[in-house]
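Trainee: Going line by line, the protein sequences match chains V and L.
Position 227 of the first sequence, counted from 1, bears residue number 337 in our numbering, the numbering being contiguous throughout.
Position 222 of the second sequence, counted from 1, bears residue number 225 in our numbering, the numbering being contiguous throughout.
Each hint should be verified, as a subset may be incorrect.
To be verified - Think about it this way: if two alpha-carbon atoms lie no more than 25 Å apart in a straight line, the pair counts; the simulated DSS-like pairs of lysine-lysine are:
{"no.": "1", "chain 1": "L", "residue 1": "K21", "chain 2": "L", "residue 2": "K215"}
{"no.": "2", "chain 1": "L", "residue 1": "K113", "chain 2": "L", "residue 2": "K174"}
{"no.": "3", "chain 1": "V", "residue 1": "K125", "chain 2": "L", "residue 2": "K48"}
{"no.": "4", "chain 1": "V", "residue 1": "K125", "chain 2": "L", "residue 2": "K55"}
{"no.": "5", "chain 1": "V", "residue 1": "K321", "chain 2": "L", "residue 2": "K18"}
{"no.": "6", "chain 1": "V", "residue 1": "K143", "chain 2": "L", "residue 2": "K114"}
{"no.": "7", "chain 1": "L", "residue 1": "K113", "chain 2": "V", "residue 2": "K143"}
{"no.": "8", "chain 1": "V", "residue 1": "K133", "chain 2": "L", "residue 2": "K114"}
{"no.": "9", "chain 1": "V", "residue 1": "K143", "chain 2": "L", "residue 2": "K135"}
{"no.": "10", "chain 1": "L", "residue 1": "K247", "chain 2": "L", "residue 2": "K230"}
{"no.": "11", "chain 1": "L", "residue 1": "K215", "chain 2": "V", "residue 2": "K112"}
{"no.": "12", "chain 1": "V", "residue 1": "K133", "chain 2": "L", "residue 2": "K247"}
{"no.": "13", "chain 1": "V", "residue 1": "K125", "chain 2": "V", "residue 2": "K143"}
{"no.": "14", "chain 1": "L", "residue 1": "K135", "chain 2": "V", "residue 2": "K133"}
{"no.": "15", "chain 1": "V", "residue 1": "K321", "chain 2": "L", "residue 2": "K55"}
{"no.": "16", "chain 1": "L", "residue 1": "K215", "chain 2": "L", "residue 2": "K230"}
{"no.": "17", "chain 1": "L", "residue 1": "K48", "chain 2": "L", "residue 2": "K29"}
{"no.": "18", "chain 1": "L", "residue 1": "K113", "chain 2": "V", "residue 2": "K133"}
{"no.": "19", "chain 1": "V", "residue 1": "K143", "chain 2": "L", "residue 2": "K18"}
{"no.": "20", "chain 1": "L", "residue 1": "K55", "chain 2": "L", "residue 2": "K82"}
{"no.": "21", "chain 1": "L", "residue 1": "K6", "chain 2": "V", "residue 2": "K321"}
No lab work stands behind these hints, which were simulated from the structure alone.
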Amino acid sequence: MKYLHDIGSYFLMLKRVFGSFTKTSVLRHLILKEINDLIITSLPIVAFISFFVGGVVAIQTALNMDNPIIPKTLIGFATRQSVILEFAPTFMSIIMAGKVGSFITSSIGSMRVTEQIDALEVMGINSLNYLVFPKIVALMFYPFVIVVSMFLGIMGGWVAGVQGGFVSSSDFLAGVQEGFIPYQLFYAFFKTLVFSFILATVPSWQGFYMKGGALEVGKASTNSFVWTSVLIIAANYIITQLLLS
Amino acid sequence: MIKVENVHKSFGDEKILKGINTEFDKGKTNLIIGQSGSGKTVFLKCLLGLFKPEQGRIYYEDKAIQDMDDEEQRQLREKIGMLFQGGALFDSMNIEENVMFPLRMFTNRKKSDHLDRVNAVLKRVKLENVNKKFPAEISGGMQKRVAIARAIVNEPRFLFCDEPNSGLDPKTATIIDNLIQEITHENNITTIVVTHDMNSVMEIGEKVVFLKEGLLVWQGTNQEIFKTDHEDVTNFVYSSDLFKKIREVQNKEA
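The shape of chain V in the complex, shown without the other chains:
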């Protein structure tokens, strides 16, 4: 019963987010601030993780190729497929659920605890539009982060493969270009957009409707990470079934 109530409350929140808009000049400022807080500040950790995970994928593939018939180009091919199809869009989103999701929940939750949300409501401001809408718009730039992740993941694979002596540069690059299907990029970016909506709204819901004090803000952040991750994984499965099978 509680889950049904929560689902209903989530959709009612979405309805309020898109009703009674905040003044455009204020909204523009808020969106730019959120782009900085949610997107720009995430780039270093995304770059670091992507580069090294791409390298690990290339090394793991190389180490598991003990049959001489299998061409070395497979290392580049496997790195590209792993990074573009799953690592960059899905697993990077799980990492972002930890970084961005907890930030959103704790910042909105703290505002709830310290009556800042009540202050917005008393002033006649649609607090959900003021707080959540700029986050949704900012996270529409999230595919840009995924492009960076894809590029650096493949780059990491190339560096690890070539510098580790597992594959020649030309073989790796040939593998990266082998059997490339542009539709897979559409699939990756489509699901990234769905994940970005989940990343913006589920943590916001957790923070906005939390009750209690500082301890509950911490609990809400943990719940936010758990539920955002669960929804991303579930959405990933459904989208994959719909678009690839």
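Fit chain L to the known structure of chain V by using the hints.
Mentor: Showing chain L alone in chain V's frame:
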């Protein structure tokens, strides 16, 4: 003027407000007092429209809040200033931005005009040279004064204060009380203060409403409250040793 007619509010099976009738006068500091759990804050949130009463009506001047559509309620809220218990200043904004916030949201004047108005109200609450500081960098008393500045910057017609003295030393509390009363008189606004501080009642209680277990059991002025024989009120007023001793002295003198 705010008029309240037979307001009831419950949470689940628990009845918090059980039919409140009263009027809050324009140009006066109206105090709502009572013990913790008497329903003061719920009553305040009903007045603000944050809680919807199940029964009863709340009139802002001539129109009941229950009869207003969303747009009318939004317009009404632009005329309301609110001082929250903890100040509720926005952590991510500096003092200047906090005070300027209602102006940015509801007016289309130039930024320099906004800045002039912000500096004027900060000066009015006796705060200067703090514009670029953040809420965490100033004391609790200063935060309350910034919150008052934010509440009055848009020239509201109604000012609500939820326990404005909580967490403040007696001297700072008196300064805040006097500031609220001065602003009320200067701007001829309807001010409602929720408190359980008897010092505030003595200082600024031009009209005092006493709540007990969701019922309005007494109302009068700060002069009358010390003369009333109402048992609940006297128990509340003379619960502190200081006031008991004052009463003993008064009785001896009489």
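Trainee: Each hint should be assessed against the structure and marked as holding or not.
Mentor: For each hint, the structure was consulted:
1. K21(L) / K215(L): 10 Å, holds
2. K113(L) / K174(L): 38 Å, violated
3. K125(V) / K48(L): Holds, at roughly 24 Å.
4. K125(V) / K55(L): Holds. K125(V) to K55(L) sits at ~20 Å (cutoff 25 Å).
5. K321(V) / K18(L): Within the cut-off at roughly 21 Å; holds.
6. K143(V) / K114(L): Judged against 25 Å, a Cα distance of about 19 Å means the pair holds.
7. K113(L) / K143(V): 22 Å, holds
8. K133(V) / K114(L): Holds. K133(V) to K114(L) sits at ~15 Å (cutoff 25 Å).
9. K143(V) / K135(L): 18 Å, holds
10. K247(L) / K230(L): 13 Å, holds
11. K215(L) / K112(V): 34 Å, violated
12. K133(V) / K247(L): Violated, at roughly 54 Å.
13. K125(V) / K143(V): 23 Å, holds
14. K135(L) / K133(V): Holds. K135(L) to K133(V) sits at ~24 Å (cutoff 25 Å).
15. K321(V) / K55(L): Holds - the C-alpha atoms of K55(L) and K321(V) are around 19 Å apart, at most 25 Å.
16. K215(L) / K230(L): 19 Å, holds
17. K48(L) / K29(L): 19 Å, holds
18. K113(L) / K133(V): 15 Å, holds
19. K143(V) / K18(L): This hinted pair is violated, its Cα atoms lying about 44 Å apart.
20. K55(L) / K82(L): 19 Å, holds
21. K6(L) / K321(V): 31 Å, violated
Of the numbered hints given earlier, the model fails hints 2, 11, 12, 19 and 21; all others are met.
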